[in-house]
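Top line first, the protein sequences correspond to chains A and B. With this note's numbering, the residue at position 107 of the first sequence is 107, and numbering never jumps. With this note's numbering, the residue at position 87 of the second sequence is 87, and numbering never jumps.
One should not assume that every hint holds.
To be verified - Label pairs and their in silico Cβ distance ranges:
id, chain 1, residue 1, chain 2, residue 2, range
1, A, R40, B, V94, 39 to 49 Å
2, A, S48, B, E97, 39 to 49 Å
3, B, G119, A, S80, 31 to 41 Å
4, B, M27, A, D36, 37 to 47 Å
Keep in mind the hints are simulated off the structure, nothing from the lab. The beta carbon of each residue, even a glycine, is placed where N, CA and C say it ideally should be.
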Amino acid sequence: MKHAYTWGGILVVVFASVVGDVLLARAMKQVGDVHDLWRRVGLWAVVSRTLGNANFFLGVTAMAVAFFSLLFALSWGDVSLVAPAAASLTFIGNAFAAKIFLHEKVDQRRWLAAVLVAAGVALLAG
Amino acid sequence: MTFRKYLVLAGVTVFAAAGDSMLSHGMKQAGNISLNHLQGILLALLNPWVAAGILLLLAFFASYMNALSWADLTYVLPATSLGYVLLALVAKFVLHEQVSPLRWLGIALISGGVGFVAGGPALTSHEHSKSPVLAKEARNVAPAVDGAPAEDVPAVGGGARR
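Starting from the given sequences, assemble the full structure and let the hints guide the process.
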């Protein structure tokens, strides 16, 4: 039963981080290239445009949910399982989500990278 | 990709790794926090390591948002994973800790993954891939690309006007 709680917690963390990353990425694409904007309209305009973006707000909220569910998952399971599992599954989930929701061209090169990075993080994050 | 953009990606990697380790160092000094003693969180904020860690993580978030404004999510994410490699290298060469063969394998896998992505384009999402400036240039160039239609178009337009 403890096992089920732990994996349930890990899945919630992964889901919330993927949602957060996708929303933040979409928000920043809507804001536009920060370097260009900074040069044209100044830093303050870039900051207020970012903070005023609805997707940015939702993305930060999702990241907060991910953070607190990670704390819960850590209290149910071992760090050596929860931390690497959550981190590496988030990389795989993000590759799928970026392809579906952000229409990024996730080619063979990027799939391979997502799998390699996920495996590497699983080995290092424990 | 300009030098400045590589600096932003380096910021994503370094700020995340440094912020996380300072925060964890500080929290170990500050001690356990329980739901019954929430004032412990406020006390922890007074710890200089915790405060510095939070500032660095804010810097990480700013560089992460900066990078996402001009690059794909699947391009920026591998850069964040380089932080794990950085931490392992710091453990080995600065703190002189033992790094196990499995961890070296992890370092090799992440580095390989980052190398694969870094060799490709930074931005592929087609709906955003053209900045307004580039789109305007493309429009100006388009009629000149195939010569015959370029001559036809103004003629048709002119005819309609007359």
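These are the hints, each one checked on the structure:
1. R40/A with V94/B: 39 to 49 Å: holds, 42 Å
2. S48/A with E97/B: 39 to 49 Å: holds, 44 Å
3. G119/B with S80/A: 31 to 41 Å: holds, 33 Å
4. M27/B with D36/A: 37 to 47 Å: Check passed, 39 Å falls within 37 to 47 Å.
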